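S.K.: These protein sequences, in sequence, are chains A and B.
Heads up: the first sequence begins at 3 in this note's numbering, then just goes up one per residue.
Heads up: the second sequence begins at 213 in this note's numbering, then just goes up one per residue.
If you are wondering where the hints come from, they were derived from the structure by calculation, not from laboratory data.
Every value quoted in this text rests on a predicted model; they were computed, and no experiment measured them.
A portion of the hints provided could be inaccurate.
[What the hints assert, rightly or not] Below, a list of computed lysine-lysine pairs in the DSS-like style, where the Cα atoms sit at most 25 Å apart:
(1) B:643 <-> A:122
(2) A:158 <-> A:171
(3) A:5 <-> B:643
(4) A:31 <-> A:171
(5) A:5 <-> A:31
(6) B:425 <-> A:171
(7) B:574 <-> B:512
(8) B:512 <-> B:643
(9) B:405 <-> A:171
(10) A:158 <-> A:5
(11) B:497 <-> B:316
(12) A:89 <-> A:5
(13) A:122 <-> B:425
(14) A:171 <-> B:410
(15) A:31 <-> A:89
(16) B:512 <-> B:405
(17) B:643 <-> B:410
(18) A:31 <-> B:425
(19) B:574 <-> B:497
[What the hints assert, rightly or not] These stretches of chain A come out as covered by chain B in the derived footprint (C-beta under 8 Å, 3 or more residues):
(20) 36-49
(21) 105-118
C-beta atoms are modelled at their ideal positions from N, C-alpha and C, and glycine is treated no differently.
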Amino acid sequence: MTKRFALGIFDDEDVLMHAIENVRAAGVKIHEVFTPFPIHGIDDALGIERSRLPIAAFFYGMCGLAFALWMQIYMLGFDWPMIIGGKPHIALPAFIPVSFELTVFFTCHGMVITFYTISKLYPRWRTPVLDVRSTDDKFVMAIELNENSDLNGLSKLLRENGASEVNEKEMTKN
Amino acid sequence: MQHVSPVREPLVTGGKSYHDVTQDVCRQVEAAPNVRWMAALSVALFFLGIFLYSVYRTLWYGIGEWGLNKTVGWAWDITNFVWWVGIGHAGTLISAVLLLFRQKWRSSINRAAEAMTIFAVICAAMFPVLHMGRPWLAFYVFPLQNTLGSLWANFNSPLLWDVFAISTYFTVSLVFWYTGLVPDFATIRDRAKGPIAKVAYSLLSMGWTGSAKHWSRYETVSLILAGVSTPLVLSVHTIVSMDFATSVVPGWHTTIFPPYFVAGAIFSGFAMVLTLMLITRVVFKLEDYITMEHIALMNKIMMITGSIVGVAYITEFFIAWYSQVEFEQYAFINRATGPYWWAYASMMTCNVITPQLVWIRKVRYSIPLTFILSIIVNIGMWFERFVIIVTSLHRDYLPSSWVMFSPSIIDIGIYVGTLGLFFTLFLLFAKFFPVINMAEVKTVLKYTVDNGPTYTGHDPHHDLIHKPTTHGVPATAPVNYNKHD
Numbered sequence: 003m004t005k006r007f008a009l010g011i012f013d014d015e016d017v018l019m020h021a022i023e024n025v026r027a028a029g030v031k032i033h034e035v036f037t038p039f040p041i042h043g044i045d046d047a048l049g050i051e052r053s054r055l056p057i058a059a060f061f062y063g064m065c066g067l068a069f070a071l072w073m074q075i076y077m078l079g080f081d082w083p084m085i086i087g088g089k090p091h092i093a094l095p096a097f098i099p100v101s102f103e104l105t106v107f108f109t110c111h112g113m114v115i116t117f118y119t120i121s122k123l124y125p126r127w128r129t130p131v132l133d134v135r136s137t138d139d140k141f142v143m144a145i146e147l148n149e150n151s152d153l154n155g156l157s158k159l160l161r162e163n164g165a166s167e168v169n170e171k172e173m174t175k176n
Numbered sequence: 213m214q215h216v217s218p219v220r221e222p223l224v225t226g227g228k229s230y231h232d233v234t235q236d237v238c239r240q241v242e243a244a245p246n247v248r249w250m251a252a253l254s255v256a257l258f259f260l261g262i263f264l265y266s267v268y269r270t271l272w273y274g275i276g277e278w279g280l281n282k283t284v285g286w287a288w289d290i291t292n293f294v295w296w297v298g299i300g301h302a303g304t305l306i307s308a309v310l311l312l313f314r315q316k317w318r319s320s321i322n323r324a325a326e327a328m329t330i331f332a333v334i335c336a337a338m339f340p341v342l343h344m345g346r347p348w349l350a351f352y353v354f355p356l357q358n359t360l361g362s363l364w365a366n367f368n369s370p371l372l373w374d375v376f377a378i379s380t381y382f383t384v385s386l387v388f389w390y391t392g393l394v395p396d397f398a399t400i401r402d403r404a405k406g407p408i409a410k411v412a413y414s415l416l417s418m419g420w421t422g423s424a425k426h427w428s429r430y431e432t433v434s435l436i437l438a439g440v441s442t443p444l445v446l447s448v449h450t451i452v453s454m455d456f457a458t459s460v461v462p463g464w465h466t467t468i469f470p471p472y473f474v475a476g477a478i479f480s481g482f483a484m485v486l487t488l489m490l491i492t493r494v495v496f497k498l499e500d501y502i503t504m505e506h507i508a509l510m511n512k513i514m515m516i517t518g519s520i521v522g523v524a525y526i527t528e529f530f531i532a533w534y535s536q537v538e539f540e541q542y543a544f545i546n547r548a549t550g551p552y553w554w555a556y557a558s559m560m561t562c563n564v565i566t567p568q569l570v571w572i573r574k575v576r577y578s579i580p581l582t583f584i585l586s587i588i589v590n591i592g593m594w595f596e597r598f599v600i601i602v603t604s605l606h607r608d609y610l611p612s613s614w615v616m617f618s619p620s621i622i623d624i625g626i627y628v629g630t631l632g633l634f635f636t637l638f639l640l641f642a643k644f645f646p647v648i649n650m651a652e653v654k655t656v657l658k659y660t661v662d663n664g665p666t667y668t669g670h671d672p673h674h675d676l677i678h679k680p681t682t683h684g685v686p687a688t689a690p691v692n693y694n695k696h697d
């Protein structure tokens, strides 16, 4: 499926931030904004919801803690009890280090796997981008076009708000 | 958002624009390898060869190839293990702890420091694995039922805690480092000319496009990874110190070990970061990013942690006397005045006295002196571990088993060999990966320019002032975007 986009290219993130507010206020839907680095407050300006990854991370951490405790208590307390240094079979203070490490292990890897999965980031042979300069020094605002779009009006709006160029680009999404 | 005082030194000098950052960092990735790099790699590969030969001898003929004996059953291997793990900790400290404390100066050194962490942990892991003698049975350390029946691993053993700590530390550091690399790989991919580079960096960059939504999640992930890495790095060296502290050997059985080891780890790690950075900034012409200010700040951290280590040495002596335990007292007197007095004296000189020179401003801001100091600290920290391990073991409870330890040529070969392994990995990293986190440096560029007005952040009481050299387009109006801060 091929989609057409109008790309507003900005040189400065503060100009971009201002433009986002004005473009949205003008009733134009912004498809996506591509920037070379994270910009503080851009999620609010674009209306991106706060990520729920911290909640997921907490959940993974609790799973790790539960798994670690179950593993140690089951193995040394029930499946094959051993007397080690005269300590009780279930010596909880001695289980703290492994429980902590597994909590961190599960938190980190669970969250990172979730991050890559929901962001659809995986190794690809080639990565088509709308404007290659958006990973270098340009801030690119992409607005999806359809048959009724007024490209001239859009171009004027973007330029009035500080875009240094406005381009049109087609992108095939598979 | 943070307010930056105009009296602060700039984090990046030379009035760089966003594009300059990309150019400066990508230059060495895109250029053909230069002669100096090839020469350095050849030396590193030579030492890697020594490592492989020593490993072959160890595995083929057994642990008898090492200088260990009945009394001193742990010597260079565990010394090197603790030394390497300690070096690794500075990387996590810079990437995680300084991120939580909002220390923006970390952004130009965190990438290389994290790489150092990963390579140092790889080197560290070699020693316990080789000391197993039969590393193909290394899976026995994991809680898998062995072939003889339903016998599980012993979760009361600090050595098993170490297995969990080091594997968690290694994988978490790797993931943290890689996630940070993804946006920079995308930058290199979008600039790549050759077909191989295009495909390689496209695979590495995981399809990163820099969309605002991805950045928002990326920031969340970085913050949480930093949050979990901070206690992790403290726990790892705490557990390493428990390998000793939970035993009943005089000189090891000390409650001060965890904080003392963590401080020592940061101390040696910062020394190694300085050694590497001082070379990297010159070889890759990154003096504008890794400035004298960075060097001075790292020197200060080295001096503080060195002082903590010094206090710990003295405390150990005090506690040995105060405990009134004869064996404990002898272990410490023997450490300072016994046959290994020279190792103890080297440790004290290198770790306690030399870092105090950093109080002098001229030393802090001198590249040659800092370089020498960082090497001295690393030597001192190696001696610290050697002193703790060997002097505590070599005279045990039975005077008839008192011995001296001397390393075999294979011991030495494995140690210098891991230096070869480390530098091989680091040189490959420095050539093919961006050594500076471009995306993060670009975020600090604007309010740290030295030839333009200081950027005041999104403060509604200030007008947004723009640096003319970097950005041609002025903002139409001062705006406060950050509704939540």
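S.K.: Each of the hints needs a verdict: does it hold here or not?
M.R.: Hint by hint, here is what the structure shows:
1. This hinted pair does not check out: residue 643 (chain B) and residue 122 (chain A) have alpha carbons roughly 29 Å apart, beyond 25 Å.
2. Restraint check: the Cα-Cα separation between residue 158 (chain A) and residue 171 (chain A) comes to about 17 Å, which is no more than 25 Å; the hinted pair holds.
3. Distance restraint check for residue 5 (chain A) and residue 643 (chain B): the Cα-Cα separation of roughly 38 Å exceeds the 25 Å cut-off, and the hinted pair is therefore not satisfied.
4. Our distance criterion of 25 Å between C-alpha atoms is met by residue 31 (chain A) and residue 171 (chain A), whose separation comes to about 17 Å.
5. Using a Cα cut-off of 25 Å, the hinted pair residue 5 (chain A) and residue 31 (chain A) holds, with the two alpha carbons roughly 15 Å apart.
6. Taking the CA atoms of residue 425 (chain B) and residue 171 (chain A), the gap is near 21 Å; set against the 25 Å cutoff, the hint holds.
7. Pair hint residue 574 (chain B) plus residue 512 (chain B) holds up; C-alpha atoms about 13 Å apart against a cutoff of 25 Å.
8. The suggested pairing of residue 512 (chain B) with residue 643 (chain B) is violated, with an alpha-carbon distance near 29 Å, which exceeds 25 Å.
9. Distance hint between residue 405 (chain B) and residue 171 (chain A) is fulfilled; the C-alpha atoms sit about 21 Å from each other, no more than 25 Å.
10. Taking the CA atoms of residue 158 (chain A) and residue 5 (chain A), the gap is near 21 Å; set against the 25 Å cutoff, the hint holds.
11. The suggested pairing of residue 497 (chain B) with residue 316 (chain B) holds, with an alpha-carbon distance near 21 Å, which does not exceed 25 Å.
12. Simply put, residue 89 (chain A) and residue 5 (chain A) have alpha-carbon atoms about 68 Å apart, too far for the 25 Å limit, and the pair is violated.
13. With a C-alpha separation of about 12 Å, the suggested pair residue 122 (chain A) and residue 425 (chain B) falls inside the 25 Å cut-off, and the hint holds.
14. At most 25 Å may separate the alpha-carbon atoms for a hinted pair to count; residue 171 (chain A) and residue 410 (chain B) meet this at roughly 21 Å.
15. The straight-line distance between the Cα atoms of residue 31 (chain A) and residue 89 (chain A) is roughly 66 Å, outside the 25 Å bound, and the hint therefore fails.
16. The hinted pair formed by residue 512 (chain B) and residue 405 (chain B) fails the criterion: a straight-line CA distance of about 43 Å is larger than 25 Å.
17. With a C-alpha separation of about 16 Å, the suggested pairing of residue 643 (chain B) with residue 410 (chain B) holds against the 25 Å cut-off.
18. About 15 Å separates the Cα atoms of residue 31 (chain A) and residue 425 (chain B), which keeps this hinted pair within 25 Å; it holds.
19. For the given pair, residue 574 (chain B) sits about 23 Å from residue 497 (chain B) by alpha-carbon distance, which is consistent with the 25 Å threshold.
20. Given as covered by chain B, the region 36-49 of chain A passes the check, having 13 residues with a CB less than 8 Å from a CB of that chain where 3 are the minimum.
21. A stretch counts as covered by a chain when three or more of its residues have a beta carbon under 8 Å from one of that chain; for the region 105-118 of chain A and chain B the count is 9, and the coverage holds.
The structure fails hints 1, 3, 8, 12, 15 and 16 (numbered hints given earlier, in ascending order).
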